[in-house]
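Work out the full structure, taking the sequences as your base and the hints as a guide.
Protein chains: 2
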Amino acid sequence: MNAATMTANSAKIDTREALLDAGISIMLEKGYTNAGISEILQAVGVPKGSFYHYFDSKEDFAIAIIARTGDVYAQRMSRIFGNSSLKPIDRLRKYFSEARADMVTKECRKGCLIGNLSQEMADQSESLRDALRTVLQNGRIVLTACIVEAQKNGEILNDRPAADLAQFIQSAWTGAMLLSKTQKSPESLDVFNRLIFEDVLKSK
Amino acid sequence: MNAATMTANSAKIDTREALLDAGISIMLEKGYTNAGISEILQAVGVPKGSFYHYFDSKEDFAIAIIARTGDVYAQRMSRIFGNSSLKPIDRLRKYFSEARADMVTKECRKGCLIGNLSQEMADQSESLRDALRTVLQNGRIVLTACIVEAQKNGEILNDRPAADLAQFIQSAWTGAMLLSKTQKSPESLDVFNRLIFEDVLKSK
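In order, the protein sequences belong to chains A and E. Each residue of the first sequence is one higher than the one before, counting from 1 in my numbering. Each residue of the second sequence is one higher than the one before, counting from 1 in my numbering.
Just so you know, the hints here were simulated from the structure itself, not pulled from any lab data. Misleading hints may appear alongside valid ones.
To be verified - Computed beta-carbon distance windows for the label pairs:
1) D102(E) - S185(A): 27 to 33 Å
2) K87(A) - E39(E): 51 to 57 Å
3) D102(E) - S78(A): 34 to 40 Å
4) K94(E) - K204(A): 33 to 39 Å
5) S78(A) - K184(E): 26 to 32 Å
6) Q124(E) - D21(A): 19 to 25 Å
7) K106(E) - E98(A): 32 to 38 Å
8) D130(A) - Q124(E): 24 to 30 Å
9) S185(A) - S185(E): 30 to 36 Å
10) D14(E) - Q42(A): 57 to 63 Å
11) V72(E) - S185(A): 21 to 27 Å
12) D130(E) - K204(A): 37 to 43 Å
13) D21(A) - A101(E): 41 to 47 Å
14) A163(A) - R109(E): 23 to 29 Å
Said to hold, decoys possible - Residues from chain A that keep clear of chain E, each with C-beta distances beyond 10 Å, as calculated:
15) D14
16) R16
17) A22
18) G70
19) M77
20) I80
21) D164
22) L178
To be verified - Derived PhoX-like pairs (lysine-lysine); straight-line CA-CA distance at most 25 Å:
23) K30(E) - K58(A)
24) K110(A) - K106(E)
25) K202(A) - K87(A)
26) K58(E) - K184(A)
27) K58(E) - K30(A)
Here a beta-carbon is modelled for each residue, glycine too, at the ideal position from N, C-alpha and C.
This is how it looks when you write it as structure tokens:
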């Protein structure tokens, strides 16, 4: 590959990435429907043709955005849940304590793109729903594995199926994020952290 | 009041109610942004001028929709939580068991208009956020009163502040509804019902 081809290829990747980054930021603020393609193009400074060079449609673009958000979540989860120097229960605590701090930094705005798009689009588009379901499922797989380990170590005393505990935690967290957005307060996130660890997981 | 005035007044009320009913149904399916005023007018069969006779703007219309939805929730809650022939814990069980059945009837579509609009609009409009927050808060007041009564009777063994338990239940339910929409399955609602009653409330 010569230098000119390499530059062209990296410019290609950069434009696609820049479109995705701008799309994530705008959809997080406004949702799918309210996010205008023209606004995204303007943020990146590329013409309309560019968009349709990379994506077949707004729906196709949103699926790429969901996959990319899923990758970011997977990396964040891997950093914490793959850290074997922490006890399994402390990985769970660290994950939700960081997520709470992150929401406070954002002044309880925006929330989670996966939750937002699920609420808005699950009934509108089967392909978006499928992409969203996959991200949620991947998150639960990581949570479940960590809960199994913590149960084995006796750090979590609740002996329900780990998959049920993971599903419940994901529901309760998603709802707590939504309430904190509506209340513009982290109270629901604090209540989540107290009740999940003390009452549901019965962790020590 | 003569007969003609009475008829005119009741037609007035009917048109406003019909607009609200159509708005609720369409916003529940599509959200705020995707719901077109023209679609709502068409459903009711009235001209555009009629809409602006009753409502100043789409936002004003949505606030009336939220208030009306809040009234419907309050009536449903009052029917169950005001039923003193049921034990407090059984009122809670009945409420969430009916809500689960309702979601299954709707094939896990649509969900709850208050949750949906919160997710979509809490960052977009302060007046919608305020209306949504009020409905959520009113729901928590009813839940809290019932939990206090159940704690006094020893039907709920968890002695945390009832307001915290109510906030947690509301978060977990809202999230479970969202997950059931994305998964098109009532599994998250079933997990909610098991874990809330057995592990969180420690009810007998």
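Tested hints:
1. Evaluation of the 27 to 33 Å hint for D102(E) and S185(A) yields a pass: the beta carbon distance comes to about 29 Å.
2. As the Cβ distance of K87(A) to E39(E) is approximately 54 Å, the hint placing it in 51 to 57 Å holds.
3. Range check, D102(E) to S78(A): about 39 Å between beta-carbon atoms, so the 34 to 40 Å window is met.
4. The hinted range of 33 to 39 Å is satisfied by K94(E) and K204(A), whose Cβ atoms lie roughly 35 Å apart.
5. In this structure the hint that S78(A) and K184(E) lie 26 to 32 Å apart at CB holds, the actual value being about 28 Å.
6. Distance hint check: the CB atoms of Q124(E) and D21(A) are about 21 Å apart, consistent with the given range 19 to 25 Å.
7. Between K106(E) and E98(A) the beta carbons are some 36 Å apart, a value that agrees with the proposed interval 32 to 38 Å.
8. The hinted window of 24 to 30 Å between D130(A) and Q124(E) holds, with their beta carbons roughly 27 Å apart.
9. With their beta carbons about 31 Å apart, S185(A) and S185(E) fall inside the hinted range of 30 to 36 Å.
10. For the hinted restraint 57 to 63 Å between D14(E) and Q42(A), the CB-CB distance of approximately 45 Å leaves it violated.
11. The hint said 21 to 27 Å for the Cβ distance between V72(E) and S185(A), and at roughly 26 Å that hint holds.
12. Take D130(E) and K204(A): their Cβ atoms lie about 41 Å apart, and the range 37 to 43 Å holds.
13. Taken as a hint, the range 41 to 47 Å holds for the pair D21(A) and A101(E), whose Cβ atoms sit roughly 43 Å apart.
14. At roughly 24 Å, the beta-carbon separation of A163(A) and R109(E) lies within the given 23 to 29 Å, and the hint holds.
15. With a closest Cβ-Cβ approach of about 29 Å to chain E, D14(A) is found to remain outside the 10 Å limit, as its non-interface label requires.
16. Residue placement check: R16(A) keeps its beta carbon more than 10 Å from all beta carbons of chain E (closest about 26 Å).
17. Remark: the non-interface label on A22(A) is consistent with the geometry, its nearest Cβ contact in chain E lying 18 Å away (cut-off 10 Å).
18. Remark: the non-interface label on G70(A) is consistent with the geometry, its nearest Cβ contact in chain E lying 13 Å away (cut-off 10 Å).
19. Once the 10 Å rule is applied to beta carbons, M77(A) is consistent with being away from chain E; the minimum gap is 18 Å.
20. With 10 Å as the threshold on Cβ separation, the claim that I80(A) sits away from chain E holds: the shortest Cβ distance comes to roughly 21 Å.
21. For D164(A), the requirement that its beta carbon stay farther than 10 Å from each beta carbon of chain E is not met, with the minimum near 5 Å.
22. The Cβ of L178(A) sits about 6 Å from the closest Cβ of chain E, inside the 10 Å cut-off, so the non-interface label is violated.
23. A distance of roughly 17 Å separates the Cα atoms of K30(E) and K58(A); the hinted pair therefore holds under the 25 Å criterion.
24. Only pairs whose Cα atoms come within 25 Å are accepted, and K110(A) paired with K106(E) is rejected, the gap being roughly 28 Å.
25. Between the alpha carbons of K202(A) and K87(A) the distance comes to roughly 15 Å, so the proposed pair stays at or under 25 Å and holds.
26. With a C-alpha separation of about 23 Å, the suggested pairing of K58(E) with K184(A) holds against the 25 Å cut-off.
27. Of the supplied pair hints, the one linking K58(E) and K30(A) holds, its CA atoms being roughly 17 Å apart against a limit of 25 Å.
Violation of the numbered hints given earlier is confined to hints 10, 21, 22 and 24; the remaining hints are satisfied by the structure.
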